[in-house]
Amino acid sequence: MNSAELINSFADFAKDKNIDRPTMIKILEDVFRTMIRKKYGADENFDVIINPDNGDLEMWRTREIVDDDSEDIWDFDKIPLAEARKIEPDFEVGEEVAESVKLDDFGRRVVQTARQTLIQKIKDLEKEILYEKYKDLVGDLVTAEVYQILGREIICVDSQSNELSLPRGEQIPKDRFRKGESLKAVIHKVEMVNGTP
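Numbers given in our numbering equal positions in the sequence shown, counted from 1, plus 38.
Simulated from the structure, these hints should not be mistaken for lab results.
What you are looking at is a predicted structure, and each value in this text was computed from that prediction instead of being measured.
Some clues are possibly wrong.
Calculated pairs, SDA-like style, for lysine to any residue (alpha carbon to alpha carbon, straight line, at most 25 Å) [stated by the list, open to error]: (1) Lys165 - Val180; (2) Lys55 - Glu134; (3) Lys55 - Lys212; (4) Lys227 - Asp178; (5) Lys64 - Lys124; (6) Lys140 - Glu208; (7) Lys165 - Ile63; (8) Lys124 - Val86; (9) Lys212 - Ala223; (10) Lys165 - Arg146; (11) Lys64 - Gly207; (12) Lys217 - Val180; (13) Lys53 - Leu168; (14) Lys173 - Lys212; (15) Lys161 - Lys124; (16) Lys77 - Asp54; (17) Lys159 - Lys212; (18) Lys171 - Lys140; (19) Lys124 - Ile157; (20) Lys161 - Lys212; (21) Lys217 - Glu201; (22) Lys55 - Lys76; (23) Lys227 - Arg190; (24) Lys171 - Val148; (25) Lys161 - Asn83; (26) Lys161 - Pro60; (27) Lys227 - Thr155; (28) Lys76 - Lys171; (29) Lys159 - Asp91.
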C-alpha cells in the first residue's frame, strides 16, 4: 500500500465520520511520528508533511554531518561525512543533510499497524465527540425509541442511533415499556464507562 492509498482511505473514513481537516491532519501526523519513533527511536529530526486533499505524504530526516572518526556518528541525528558524500559529493562537516523517508522503508506490517491505529484514533475521537455532545445536553429532554428491556434498565436509541440507558430507579414505577415504543426522558448524567460514553 502506498502513502496516497493510505491517506485517501483515511480521508474517506474521516469524511464519513464528519471529522474536520485540522483534526484529521493532527491524527495522521501523530500516527506517522509514532511509526518513525518505532523505527528510528526518536522523531525530533523528522519533518512530516501531509496534504490529505491529494494524498501526498512526505517525511524528511534531517541529520548533521560529522567527521567519520567522531564519537557522535552513532547519534540518530548525525551522519558520517563518507555516508553524506554518497548522497552528494560536495557536503562538508557541520552541514545538514535532508533525506526523504519513504513509507516502503517501514515495511508492510508497520504500515498495516498504522492503518489500524488511525482507525482506532478516529473511533476514540468519535466517542469523545459523543460524550461532549451529551454532556452539554444534561437537563434537556430527548426522544428515544425503546431498543431493549433488561432487568435493571431500559436501553433506548435516539435519532442518531446512540444508545441511552434508563435505569429502573429513574423510571416512574407504573410505567411499562415495549420494544419499539417511543419515550421522552431528561438526560440526568453522562459518564464514560470503559472508554465508552
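Hint check results:
Between lysine 165 and valine 180, the direct Cα distance comes to roughly 19 Å. Compliance with the 25 Å bound is thereby established for this hinted pair. Taking the CA atoms of lysine 55 and glutamate 134, the gap is near 41 Å; set against the 25 Å cutoff, the hint is violated. Of the supplied pair hints, the one linking lysine 55 and lysine 212 is violated, its CA atoms being roughly 40 Å apart against a limit of 25 Å. For the hint pairing lysine 227 with aspartate 178, the CA-to-CA distance comes to about 11 Å; that is within 25 Å, so the pair holds.
Under the criterion of a C-alpha separation no larger than 25 Å, the hint pairing lysine 64 with lysine 124 is inconsistent with the structure, at around 34 Å. At roughly 57 Å between alpha-carbon atoms, lysine 140 and glutamate 208 are farther apart than 25 Å, so this suggested pair is violated. The suggested pairing of lysine 165 with isoleucine 63 holds, with an alpha-carbon distance near 19 Å, which does not exceed 25 Å. For the hint linking lysine 124 to valine 86, the alpha-carbon distance of about 24 Å falls within 25 Å, and the restraint holds.
Pair hint lysine 212 plus alanine 223 holds up; C-alpha atoms about 15 Å apart against a cutoff of 25 Å. For the hint linking lysine 165 to arginine 146, the alpha-carbon distance of about 29 Å lies beyond 25 Å, and the restraint is violated. Straight-line distance between C-alpha atoms of lysine 64 and glycine 207 comes to about 43 Å, which puts the hinted pair past the 25 Å bound. For the hint linking lysine 217 to valine 180, the alpha-carbon distance of about 17 Å falls within 25 Å, and the restraint holds.
With a C-alpha separation of about 16 Å, the suggested pairing of lysine 53 with leucine 168 holds against the 25 Å cut-off. For the hint pairing lysine 173 with lysine 212, the CA-to-CA distance comes to about 29 Å; that exceeds 25 Å, so the pair is violated. For the given pair, lysine 161 sits about 45 Å from lysine 124 by alpha-carbon distance, which is inconsistent with the 25 Å threshold. The straight-line distance between the Cα atoms of lysine 77 and aspartate 54 is roughly 31 Å, outside the 25 Å bound, and the hint therefore fails.
Taking the CA atoms of lysine 159 and lysine 212, the gap is about 44 Å. The hint is violated against a cut of 25 Å. Using a Cα cut-off of 25 Å, the hinted pair lysine 171 and lysine 140 is violated, with the two alpha carbons roughly 39 Å apart. As the CA atoms of lysine 124 and isoleucine 157 are separated by approximately 39 Å, the hinted pair breaks the 25 Å bound. Note on lysine 161 and lysine 212: the hinted pairing is violated, with a Cα-Cα distance of about 39 Å set against a maximum of 25 Å.
At most 25 Å may separate the alpha-carbon atoms for a hinted pair to count; lysine 217 and glutamate 201 meet this at roughly 14 Å. For the hint linking lysine 55 to lysine 76, the alpha-carbon distance of about 28 Å lies beyond 25 Å, and the restraint is violated. With a CA separation close to 17 Å, the supplied pair lysine 227 and arginine 190 stays within the 25 Å bound. For the hint pairing lysine 171 with valine 148, the CA-to-CA distance comes to about 34 Å; that exceeds 25 Å, so the pair is violated.
With a CA separation close to 30 Å, the supplied pair lysine 161 and asparagine 83 exceeds the 25 Å bound. Restraint check: the Cα-Cα separation between lysine 161 and proline 60 comes to about 17 Å, which is no more than 25 Å; the hinted pair holds. Of the supplied pair hints, the one linking lysine 227 and threonine 155 is violated, its CA atoms being roughly 30 Å apart against a limit of 25 Å. Only pairs whose Cα atoms come within 25 Å are accepted, and lysine 76 paired with lysine 171 is rejected, the gap being roughly 35 Å.
Of the supplied pair hints, the one linking lysine 159 and aspartate 91 holds, its CA atoms being roughly 20 Å apart against a limit of 25 Å.
Consistency note: the structure conflicts with the earlier hints numbered 2, 3, 5, 6, 10, 11, 14, 15, 16, 17, 18, 19, 20, 22, 24, 25, 27, 28.
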